[in-house]
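There are 2 protein chains.
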Amino acid sequence: MSEYPSIVLEQAVNQMASLPGVGRRTALRLVLHMLRRTDEEVEAFAGAFLRLKKEVIYCRECHNISDTEICPICSSPRRDHSTICVVENVQDVMSIENTGQYNGVYHVLGGIISPMEGIGPKDIEIDSLIERVAKGSVDEIILALPTTMEGDTTNFYIYRRIQNLQTQNPNGNSEIKISQIARGVAVGNQLEYTDEITLGRSIVNRTEFKG
Amino acid sequence: MSEYPSIVLEQAVNQMASLPGVGRRTALRLVLHMLRRTDEEVEAFAGAFLRLKKEVIYCRECHNISDTEICPICSSPRRDHSTICVVENVQDVMSIENTGQYNGVYHVLGGIISPMEGIGPKDIEIDSLIERVAKGSVDEIILALPTTMEGDTTNFYIYRRIQNLQTQNPNGNSEIKISQIARGVAVGNQLEYTDEITLGRSIVNRTEFKG
Chain A
967 MSEYPSIVLE QAVNQMASLP GVGRRTALRL VLHMLRRTDE EVEAFAGAFL
1017 RLKKEVIYCR ECHNISDTEI CPICSSPRRD HSTICVVENV QDVMSIENTG
1067 QYNGVYHVLG GIISPMEGIG PKDIEIDSLI ERVAKGSVDE IILALPTTME
1117 GDTTNFYIYR RIQNLQTQNP NGNSEIKISQ IARGVAVGNQ LEYTDEITLG
1167 RSIVNRTEFK G
Chain B
967 MSEYPSIVLE QAVNQMASLP GVGRRTALRL VLHMLRRTDE EVEAFAGAFL
1017 RLKKEVIYCR ECHNISDTEI CPICSSPRRD HSTICVVENV QDVMSIENTG
1067 QYNGVYHVLG GIISPMEGIG PKDIEIDSLI ERVAKGSVDE IILALPTTME
1117 GDTTNFYIYR RIQNLQTQNP NGNSEIKISQ IARGVAVGNQ LEYTDEITLG
1167 RSIVNRTEFK G
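So the protein sequences, as listed, match chains A and B. Here the first sequence stands for residues 967 to 1177, where the numbers follow my numbering. Here the second sequence stands for residues 967 to 1177, where the numbers follow my numbering.
Chain A extracted, bound-state conformation (with noise of 0.2 Å):
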């Protein structure tokens, strides 16, 4: 006999145990919670996933999850479009939105260049990063892209094809300035807790203080 009474049961916990960081145990507790569940609150938790599925897309200009086929951001006249801000992924996104501090458009990547995870700059959507560059009303890209290694290896693989894109069509748009999000010590943190490289360039990188 099987560890559960039910096969119904077992199931619904393997499924609910499929989700990243949810244990047997959890998955168990969470699908008894739900069996006390009204049929219509089951139904609606169900088809909120099913309906998620079927009807998401993910915008045509940045590729952010979107209920149309331009997203809010991309379509809004009240966004400074000659600047697009290049995320790894829609939290990002949501993350910068949050910030309040930001009001151009966005480039969500859907990952990052990772040799070790067999990513490559195909995988992603560079491409579509820099037919939207070639258009000629780019300004600016700022790179918001993680902090770690794979993160640098992006930004850099970008860098060089923006260039490459500017050496081809020196007739083209003036000069793209290309940025990347400030790295130094967060906010709120004492120095003695931050790791040295990061502490090291915070001093490299130190900017005009301004009284």
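Since the hints were made in silico from the structure, they are not lab data. As the structure is a computational prediction, the values presented were derived from the model and not from experiment.
These stretches of chain B come out as covered by chain A in the derived footprint (C-beta under 8 Å, 3 or more residues):
# : segment
1 : 971–978
2 : 1013–1019
3 : 1033–1045
The calculated lysine-lysine pairs, modelled on DSS-like cross-linking and capped at a C-alpha distance of 27 Å, are:
#  : chain 1 : residue 1 : chain 2 : residue 2
4  : A       : 1019      : B       : 1019
5  : B       : 1019      : B       : 1088
6  : B       : 1143      : B       : 1088
7  : A       : 1143      : A       : 1176
8  : B       : 1143      : B       : 1176
9  : A       : 1019      : A       : 1088
10 : A       : 1020      : B       : 1020
11 : A       : 1020      : B       : 1019
12 : A       : 1019      : B       : 1020
Using N, Cα and C, we set each Cβ at its ideal position, and we do this for glycine too.
Assemble chain B onto chain A, guided by the hints.
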């Protein structure tokens, strides 16, 4: 504009975050993970909960979750049907089964008496337990409820109901033994980290040392 770039995404996050212990940030991570699955995988995920809710039944005897009217434990001829272990919920049955130390049958109350949460004796499966006992083929009731005030209250209530039953039917079966699971220092625990009530009880209720 909502915090989320898509309404179907937001609805899926809302559903995921409705699970106990799942925050909105985790819910978003799980939902985006779900989005990377194939259509078939998402259908299997959603379907497991719909099927669970539609097909699962509760054993007519012990009220454990089951695929059949009488669960495999209650219908097994190899189990001792004269001993009933009374537990709060389905997880408890699984925990005791995993010990491999018990060969009787169960009775799942589906909760314990808790005046604070408005759960009375009529809200849980106590009447059906008394009916099972009244049939006359039960020798022992093992109370395996949580060692909390609510558990103690429920233990005492069941004890009184069975005593009443025996007073009403003096010609019924021989006296039913009512026991409760041993309370004491958990195996592998240091005495200094055991709470005083448990340690005190473990001295009062000491058992004979069999060298």
